[in-house]
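Q: For reference, the chains in residue letters:
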Amino acid sequence: MTDRRQQENFELWFKKEISTIQIEDAKFTTNVLRKIQAKHQKSMVAPDTWTVWSWLFCSVCLGSLLFQMLIQIDTDALTGPVAECLILLLAMKATIWQYQKSLLYQQ
Amino acid sequence: MTEILTPSDEDLIRIARLQPQSCAFEQLIKRHQSRLRLYLRSLTGNIELADELAQETLMKVHRSLSQFKFESSFKTWVMAIARNTFLDHARLAIYRGSDNGHFFLDGHSTEASLEVSSNTEDQQIFALDLNQAFELLSSAEREVIAHCYFADLSMKETAMILKMPLGTVKTHSHRALIKLRENLHAWNSDD
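From first to last, the protein sequence lines are chains X and F.
Numbering follows my numbering, with no gaps: position 41 of the first sequence is 92.
Numbering follows my numbering, with no gaps: position 49 of the second sequence is 850.
Any given hint might turn out to be false.
Within a straight-line C-alpha distance of at most 16 Å, the following computed EDC-like cross-link-like pairs (lysine to aspartate or glutamate) qualify [said to hold, decoys possible]:
id, chain 1, residue 1, chain 2, residue 2
1, F, K980, X, E59
2, F, K971, X, E59
3, X, K86, F, E827
4, X, K66, F, D953
5, X, K78, F, E849
6, F, K980, F, E936
7, F, K971, X, E62
8, F, K980, X, D54
9, X, K78, F, E853
10, X, K86, F, E853
11, X, K86, F, E857
12, F, K876, F, E811
13, F, K831, X, E75
14, F, K980, X, E62
15, X, K67, F, D923
What the hints contain is simulated information worked out from the structure, not anything from laboratory work.
It should be emphasised that the depicted structure is a prediction, and the values quoted were computed from it without experimental measurement.
Whole structure, please, built from the sequences with the hints as guidance.
A: This is the structure:
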């Protein structure tokens, strides 16, 4: 038998031997599906880090705006942007609440 | 007589995309897990690590299923993701200093990395034999054999994944097969 023919035979034999090795178990499939499910559930509930930091950034911005508005209020006569301050205060409370909620989910 | 058609990989991908709760992805895992795990075992030389990487690969596949463009076969795509997952892991291990970079069979030469508990004794002996013969191959030759024979990809697909010219893949494969032929006891005893 020529060397080339022998090499071809070896290749066929090698392929056949490899194809007989079957690594299959239901446990592996179950594990993968379970991990996918867990990851999916986590992503459905927990916000990503970007969202958490965005809420914090919003709170800080609103806080800074509120501070600027507050110093414009005349405390004796109670004139100035009082209504705006109240709205900003509520908005800031809401963003802080969102930040805390997302932080809790992440933990 | 009714003919039961087995859905193709492409059909299963479409179903999995449209109905994520269906068992289509499970079918895909069942269909490809053996080759994937075998391929990663041939790259890592470690059963536990290979299975861990296989799980990570399949999770990545699931996550990016919507990005599959049907330009290559599903198997080629999965193996390419598996290779990247393996390379990421290898880089991280080298960075952490937990491995010297020679992943394949390094430190595992006396263990049967391709050992399969459910298989026959003959196959386990073959796996051990194969492991020892693999040690004599260069890293490029091992990679080509891992892709062409363990992952069952064509030379063209292997060239695409390894980003190598087709001629180089053929040369590595040819050289590796000669070395394996000379060193695989199972073949020599059959011969």
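Q: Decide, hint by hint, whether the structure agrees.
A: Against the structure, the hints come out as follows:
1. F/K980 - X/E59: Holds, because 14 Å separates the two Cα atoms, which is no more than 16 Å.
2. F/K971 - X/E59: Between F/K971 and X/E59 the Cα gap is close to 14 Å, so the pair holds against 16 Å.
3. X/K86 - F/E827: 13 Å, holds
4. X/K66 - F/D953: Answer holds: X/K66 to F/D953 is near 9 Å, not above 16 Å.
5. X/K78 - F/E849: 14 Å, holds
6. F/K980 - F/E936: 10 Å, holds
7. F/K971 - X/E62: 13 Å, holds
8. F/K980 - X/D54: 13 Å, holds
9. X/K78 - F/E853: The hint holds at about 13 Å.
10. X/K86 - F/E853: 12 Å, holds
11. X/K86 - F/E857: This hinted pair holds, its Cα atoms lying about 9 Å apart.
12. F/K876 - F/E811: With Cα atoms ~11 Å apart, F/K876 and F/E811 stay inside 16 Å; holds.
13. F/K831 - X/E75: Answer holds: F/K831 to X/E75 is near 8 Å, not above 16 Å.
14. F/K980 - X/E62: This hinted pair holds, its Cα atoms lying about 12 Å apart.
15. X/K67 - F/D923: Holds, at roughly 14 Å.
Hint compliance for this structure: every hint is met.
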